[in-house]
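Taken in order, these protein sequences are the chains called A and L.
Residues 1 to 121 in the working numbering are what the first sequence lists, from first letter to last.
Residues 1 to 251 in the working numbering are what the second sequence lists, from first letter to last.
Hints may contain errors.
[Said to hold, decoys possible] Residues from chain A that keep clear of chain L, each with C-beta distances beyond 10 angstroms, as calculated:
| # | residue |
| --- | --- |
| 1 | 1 |
| 2 | 3 |
| 3 | 33 |
| 4 | 94 |
| 5 | 105 |
| 6 | 118 |
[Stated by the list, open to error] Derived CB-CB ranges, DEER-like:
| # | chain 1 | residue 1 | chain 2 | residue 2 | range |
| --- | --- | --- | --- | --- | --- |
| 7 | A | 39 | L | 4 | 23 to 31 angstroms |
| 8 | A | 43 | L | 175 | 50 to 58 angstroms |
| 9 | L | 148 | A | 16 | 29 to 37 angstroms |
| 10 | L | 227 | A | 81 | 18 to 26 angstroms |
| 11 | A | 78 | L | 175 | 23 to 31 angstroms |
| 12 | A | 89 | L | 150 | 44 to 52 angstroms |
| 13 | L | 231 | A | 17 | 27 to 35 angstroms |
| 14 | A | 53 | L | 241 | 31 to 39 angstroms |
| 15 | L | 4 | A | 74 | 41 to 49 angstroms |
[As the list claims (entries may be wrong)] Once the Cα atoms are required to be at most 25 angstroms apart in a straight line, the calculated DMTMM-like pairs of lysine to aspartate or glutamate come out as:
| # | chain 1 | residue 1 | chain 2 | residue 2 |
| --- | --- | --- | --- | --- |
| 16 | A | 24 | L | 4 |
| 17 | A | 3 | L | 151 |
| 18 | L | 144 | A | 64 |
| 19 | A | 3 | L | 37 |
| 20 | A | 24 | L | 150 |
| 21 | A | 79 | L | 37 |
| 22 | L | 206 | A | 56 |
Since the hints were made in silico from the structure, they are not lab data.
All values reported here derive from a predicted model rather than from experimental measurement.
Beta carbons: idealized from backbone N, C-alpha and C, even for Gly.
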Amino acid sequence: MIKSLDPRVNRAAIAEENTIEPLKDLDQWETYEVFHQKRRGDQHMHVGIVHAPNAEMALIFGKEQFGRRGLSVNIWVVKTRDVFTTDYEDSDIFETVPEKQYREAGGYKVMDKINKFKKGL
Amino acid sequence: MNTEAIKELLYKMADDLLIIGHRNSEWTGLGPILEEDISFSSMAQDKIGQAQALYVLLNDLGEQEPDTVAFTRNANQFHNAQLLELPNGEYDFSLMRHFLYDHADQLRFETLANSSYEPLAKVARKVKGELKYHVFHANTWVVKLGSANEESHAKMQNALNYAWNYALGMFEPSAHEDILVAENVFIGEESLQERWLANITPILMKAGLSIPTSDTWNPVFGGRKGMHTEHLAPLVEEMSEVFRYDPTAEW
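Same shape as in the complex, but just chain A (with noise of 0.2 angstroms):
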């Protein structure tokens, strides 16, 4: 028998020669990603991932895995292989050529007349 410190390992009587196998690639659940609000009202963050072989199961890891410290009130989850996505080689297409100043908001000038509509004037 396995001799453990650990008096639950010393129970479970576990022989020398460990027969169990480990799982298989893929033998296990899918997974959802977890959205998380801290707030009523803030957007839901994306805080991670769950197996659960259904979306009700997802719920509960979920609640226990990403809302059991501070702030929560709600959570999100969605199957991964709902998730549309970009393909890492296409991003490029992120980069843009930087001399568009005609683009940016930067050349308005707004705030003589937000502060102006503030006073009340």
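Got chain A; can you put chain L on it based on the hints?
Frame of chain A, contents of chain L only:
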């Protein structure tokens, strides 16, 4: 207000929570999957916290410090129902016990939220959210495994059959009960059991599981009076091992 009667109520509730909290924590690191391991362990910690809140109330009524009460009594001084001290067995039994006990626990606290004994009513209102999650967790697993496949169904049905009479033992009548009911402290074990049956029956039906026929019901009483199975003494021994190593240590 009858202090002896209230103490008895607090002791059985607190001891139930402490013992199931310890039992469930024995799954930590050994749970079926990581996510469930974390959830079950977290709920076990909730139970210990709820037990502590009640031991504090007992302390206010003149009993010893929570740690002393929790870690220095012998098995025959515990008032938990025998259901909660039974070894974990396999996950089917642990889940079924969690389901049967947590429904009872949630109802007990729910009715106590209106108790005339305000300190207890306050604790009851505070733990409401935790208990709601525990019951949600238990229902989800029981329904899923009860109806998943033949093997899981058979295991859950066997676990229910085995746990049933022990579960009825949670509602062991007490000599002090009439006073508690008369003073609006607590609704009494009999009404609690009725409400419990009404709550668990539809969930078990949804899970495709059958409650044993009532002619076989034979509640296992005794736990409330300190009569326990041979499993409680080793549990108490293990639970208090570190405390007894140096009872004066500051934690």
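Taking the hints in turn, this is what the structure says about them:
1. 1: It holds; residue 1 of chain A is separated from chain L by about 16 angstroms at its closest Cβ, greater than 10 angstroms.
2. 3: holds, 17 angstroms
3. 33: holds, 14 angstroms
4. 94: Holds, since 33 angstroms exceeds 10 angstroms.
5. 105: For residue 105 of chain A, whose nearest Cβ neighbour in chain L is about 44 angstroms away, the distance exceeds 10 angstroms, so it holds.
6. 118: Correct as stated: the minimum Cβ-Cβ distance to chain L is 42 angstroms, above 10 angstroms.
7. A:39 - L:4: 23 to 31 angstroms: Between residue 39 of chain A and residue 4 of chain L, where Cβ atoms are some 46 angstroms apart, the hint is violated.
8. A:43 - L:175: 50 to 58 angstroms: holds, 57 angstroms
9. L:148 - A:16: 29 to 37 angstroms: Cβ of residue 148 of chain L to Cβ of residue 16 of chain A: about 34 angstroms, so the range 29 to 37 angstroms holds.
10. L:227 - A:81: 18 to 26 angstroms: Taking Cβ atoms as reference, residue 227 of chain L and residue 81 of chain A lie about 54 angstroms apart, which means the hint is violated.
11. A:78 - L:175: 23 to 31 angstroms: violated, 55 angstroms
12. A:89 - L:150: 44 to 52 angstroms: The hint (44 to 52 angstroms, Cβ to Cβ) holds, given that residue 89 of chain A and residue 150 of chain L are roughly 46 angstroms apart.
13. L:231 - A:17: 27 to 35 angstroms: Given range 27 to 35 angstroms: holds, Cβ gap about 29 angstroms.
14. A:53 - L:241: 31 to 39 angstroms: At roughly 37 angstroms between Cβ atoms, residue 241 of chain L and residue 53 of chain A fall inside 31 to 39 angstroms, so the hint holds.
15. L:4 - A:74: 41 to 49 angstroms: Check passed, 45 angstroms falls within 41 to 49 angstroms.
16. A:24 - L:4: Judged against 25 angstroms, a Cα distance of about 58 angstroms means the pair is violated.
17. A:3 - L:151: violated, 32 angstroms
18. L:144 - A:64: Within the cut-off at roughly 19 angstroms; holds.
19. A:3 - L:37: holds, 23 angstroms
20. A:24 - L:150: holds, 23 angstroms
21. A:79 - L:37: Holds, at roughly 21 angstroms.
22. L:206 - A:56: Distance of about 15 angstroms is within 25 angstroms: holds.
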